[in-house]
Amino acid sequence: MIEYIEYVLMLTTVLGAVIALIQRDLLKAAILTGIPGASLAFLYQFLLAPDVALTQAIVGSAIVPVFFALAVLRTRRMEE
Amino acid sequence: MVLSAQLFSFFTAGSLIVIGIFAALFLDNLIKKIIGLAFIGDGVNLFIITMGYKPGGIVYIFLPNMTISNFAQTASYPLPFALVLTSIVIGASTLAVMLGLVIVLNKRHDSLSASKILGDERD
Amino acid sequence: MDPFIPIMVILPIASALFLNLLHKNDRTVKILAIVTALVLPIIPLLTGYGSHYFGGYAPLSQNSAIAQGLPSLITGTQLFIFHPAITYVFASAQKVMIFILGIVAFFAVFTALNETKKPSGVYAFLMFMGTASVIAILLSDDIFNLYVFFEIAALAQVGIVIASNVKHNYETALKYVILGNIAGPLLLLGIALLLGVTGNVNITDIIYSIKHGLVNPQNPVLLMALGLITFGWLYGSGLPPFHTIKSALYSKALPHGAALIQAFTVFMMVALGVIILRIFSYLPFSKMAIIAVSLLALVLSITMAIVQTDFKRILGYLALGELGYIGIGLGLGTTLGITAGLFQAVNEAIITAFLFIGFGTVLYKTRTSDTRKLGGMMFKNPRVALLVLLAGLAMAGVPPLNAFQSKLMLIQASLQAGVPELGIIMILLSIVTFMTFMKAFYTIYMRPKPPELVIHDYKIPKATIISLVAFLIICLILGLFPQIATSNLQTLASSLV
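Chains as they are written, first to last, in this note's numbering: chain G, 81 to 160; chain L, 63 to 185; chain F, 55 to 551.
Calculated directly from the structure, the hints in this document are not laboratory data. Backbone N, C-alpha and C fix where the C-beta goes; we use that ideal spot for every residue, glycine too. Be a bit skeptical, because a hint or two may be false.
[What the hints assert, rightly or not] In the DMTMM-like style, the derived pairs of lysine to aspartate or glutamate whose C-alpha atoms are separated by at most 25 Å in a straight line are:
#	chain 1	residue 1	chain 2	residue 2
1	L	178	F	169
2	L	169	G	159
3	L	178	G	160
4	F	229	G	159
5	F	229	G	160
6	F	516	F	169
7	F	419	F	56
8	F	229	L	90
9	G	108	L	90
10	L	116	G	83
11	L	178	F	424
12	F	78	L	172
13	L	116	G	86
14	L	169	G	131
15	L	178	G	105
16	L	169	G	86
17	F	434	F	424
18	L	116	G	131
19	F	229	G	105
20	F	434	L	172
21	G	108	L	172
22	L	178	G	159
23	F	221	L	90
[Said to hold, decoys possible] Here are some, though not all, of the chain L residues that point toward chain F, as calculated from beta-carbon distances under 10 Å:
#	residue
24	82
25	149
26	155
27	176
This is chain G alone, in the form it adopts within the complex (with noise of 0.2 Å):
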């Protein structure tokens, strides 16, 4: 099982792409961002660049959606 998991990370960063993108809810969509960021991350490390996915575990899934639930936070939650 264990040789399949980057074939469900590559799926996951995708999958977690489109459903942050088809939010309503922006605040959702910002959290959602790690999901990719996240995936991203392990697969990384799968593919043999552990510095990267440190550095992409910080930015990708901390940084960014922080980013993205401060902004939303200070302007409008909702998709009008």
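Here the structure of chain G is known, so what remains is to put chains L and F in place on it, guided by the hints.
Coordinates of chains L and F only, in the frame set by chain G:
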């Protein structure tokens, strides 16, 4: 497997770029547009990482018990990975600039709709 | 290895960071900014030609200490001559272009500090950061390093527009960043494809790999890389389809900011265009594509300029139209053509800075840039009007000013290359440019003053007049002695053919 992990990874990168460009061009909400732009950057990064990947290879760290020729034959190519580190940081910083602009524009127009804010050409 | 080569980039960045920290200490900001800006054009004159390898990692062939103990697996192959470090190359063409960029940056900073009531450390930070990144783009022989500074330059331009406090500047800035975030990653993708095919990011090594058959030059992936890098080039230099957003960017910046942004655009276009030529010139249609895009830029930008009513917008479009001449020069692909294109780039940076700062005095005195509301400015300050008129004549290519020499060279080059049609189009569009400029000049300066126009009684700062006169002197010098610039630019041009 029929498809190798590397090929599949290229497809993933491609679809992230396409999804991102679609969102950036056709979605009206500015936050969604910017989420799309972040995905374009992620896709390109994944593409570069996949290029450096070597199927069945090892991480490019030279450990004391390795020989040089063995290391050279099996290690993945580290140059693209070094580039991606910079690229991730650049992406995050431009994202911050865009979100800052969106916050200001929302205050002025009381809207996040691109067609309302950016649509008509004013002088 | 000359230690001054990296200083050209490091000094403005370091000074920019200090200026940002010192914001609100008005005197310190002013002194530091002026001193740094003054040093900027001087450094390239003092620097010796050569390459700088960051970290000191010269190619193994020049590094005998390391090369001695290595197996023949490495010394016997191309790895022996490849560049392991980020390489900056400083040659005569870079000297001229960095000098001119430094001059424009100096006068832009100088007028900015004197026209605004309080000197802003943040604004100076953005100006220096942009200048540093464009200098790095000109110097860099490493295509990824170039991409990094390309992004920084784009952000600095956006910052200059955000800081301008002109109406609707935020909208334009956001549009520009959004487009930049599509074009930037696509440029990176093109670089990634080159890296994937050749395994290298150093431009000299990429060319070596292509020329010496290490990779198949007809590989379709290289074509795709050409397309993507060209897309990034179009964005960076505001060629169509990005001419509308780029001219909007000029019109939303303050005059000195616009002058500097235009200099960035010109040199970014030259640097990336030269790289495209260096890597891909063996593909026959790469030059055709450059000429096609440049012609499109000429025609579209100049026709758009005719219908505008905002003089900053008119200037923006005219400046972008001038970029077309540079592109045609590069696309002709002969030594004379490329020299003429590079010379035109140098002239263009000076002349548009001259025009933007000159017309900026109108904005300074009336707070409006709408030509329909303006008029009669000639009688308030005839000296500035004369200077602006001379700038317009310089742009149109009237002897003895500098653009005459470069346009003449361009037309000669097009005749020599067997495409006289291009020469005719260039002459015609030059006339249209001049007419558009004269129309704007007439409505702003010569027709009677509309009764509702309020001309404020601010005195135009001495710094602005000094800058305008200095630009005029440079135009005259380059116009009378073009060989100062062309002899330096020719080396690069002949290496590209």
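Comparing the hints with the structure gives:
1. Simply put, residue 178 of chain L and residue 169 of chain F have alpha-carbon atoms about 34 Å apart, too far for the 25 Å limit, and the pair is violated.
2. Between residue 169 of chain L and residue 159 of chain G the CA atoms are separated by roughly 16 Å; this keeps the pair inside 25 Å, and the hint holds.
3. Proposed proximity of residue 178 of chain L and residue 160 of chain G is supported: the alpha carbons are some 11 Å apart, at most 25 Å.
4. At roughly 20 Å between alpha-carbon atoms, residue 229 of chain F and residue 159 of chain G fall within 25 Å of each other, so this suggested pair holds.
5. Straight-line distance between C-alpha atoms of residue 229 of chain F and residue 160 of chain G comes to about 20 Å, which keeps the hinted pair within the 25 Å bound.
6. The straight-line distance between the Cα atoms of residue 516 of chain F and residue 169 of chain F is roughly 9 Å, inside the 25 Å bound, and the hint therefore holds.
7. In summary, the hint linking residue 419 of chain F to residue 56 of chain F is not supported, as the alpha carbons are separated by about 47 Å, beyond the 25 Å threshold.
8. For the suggested pair residue 229 of chain F and residue 90 of chain L, the alpha carbons sit about 13 Å apart, so the restraint of at most 25 Å is met.
9. As the CA atoms of residue 108 of chain G and residue 90 of chain L are separated by approximately 17 Å, the hinted pair is consistent with the 25 Å bound.
10. For the hint pairing residue 116 of chain L with residue 83 of chain G, the CA-to-CA distance comes to about 16 Å; that is within 25 Å, so the pair holds.
11. A C-alpha spacing of about 24 Å is found between residue 178 of chain L and residue 424 of chain F, which places the hinted pair at or below 25 Å, so the restraint holds.
12. Straight-line distance between C-alpha atoms of residue 78 of chain F and residue 172 of chain L comes to about 32 Å, which puts the hinted pair past the 25 Å bound.
13. Proposed proximity of residue 116 of chain L and residue 86 of chain G is supported: the alpha carbons are some 14 Å apart, at most 25 Å.
14. The suggested pairing of residue 169 of chain L with residue 131 of chain G is violated, with an alpha-carbon distance near 40 Å, which exceeds 25 Å.
15. As the CA atoms of residue 178 of chain L and residue 105 of chain G are separated by approximately 20 Å, the hinted pair is consistent with the 25 Å bound.
16. Between residue 169 of chain L and residue 86 of chain G the alpha-carbon distance is near 43 Å, which puts this suggested pair outside the 25 Å criterion.
17. Pair hint residue 434 of chain F plus residue 424 of chain F holds up; C-alpha atoms about 18 Å apart against a cutoff of 25 Å.
18. Between residue 116 of chain L and residue 131 of chain G the CA atoms are separated by roughly 16 Å; this keeps the pair inside 25 Å, and the hint holds.
19. Among the hinted pairs, residue 229 of chain F with residue 105 of chain G is consistent with the structure: their alpha-carbon atoms are about 24 Å apart, no more than 25 Å.
20. Proposed proximity of residue 434 of chain F and residue 172 of chain L is contradicted: the alpha carbons are some 42 Å apart, above 25 Å.
21. Restraint check for residue 108 of chain G and residue 172 of chain L: the C-alpha separation of about 21 Å stays at or below 25 Å, so the hint holds.
22. This hinted pair checks out: residue 178 of chain L and residue 159 of chain G have alpha carbons roughly 13 Å apart, not beyond 25 Å.
23. Only pairs whose Cα atoms come within 25 Å are accepted, and residue 221 of chain F paired with residue 90 of chain L is accepted, the gap being roughly 23 Å.
24. Interface hint status for residue 82 of chain L: upheld, as the beta-carbon distance to the closest one in chain F is roughly 8 Å, under 10 Å.
25. Because the beta carbon of residue 149 of chain L sits about 6 Å from the nearest beta carbon in chain F, less than 10 Å, this interface hint is met.
26. Given the 10 Å rule on beta carbons, the hint for residue 155 of chain L holds: about 7 Å separates it from the nearest Cβ of chain F.
27. Given hint, residue 176 of chain L at the interface with chain F, holds; its Cβ is 9 Å from that chain's nearest Cβ, closer than 10 Å.
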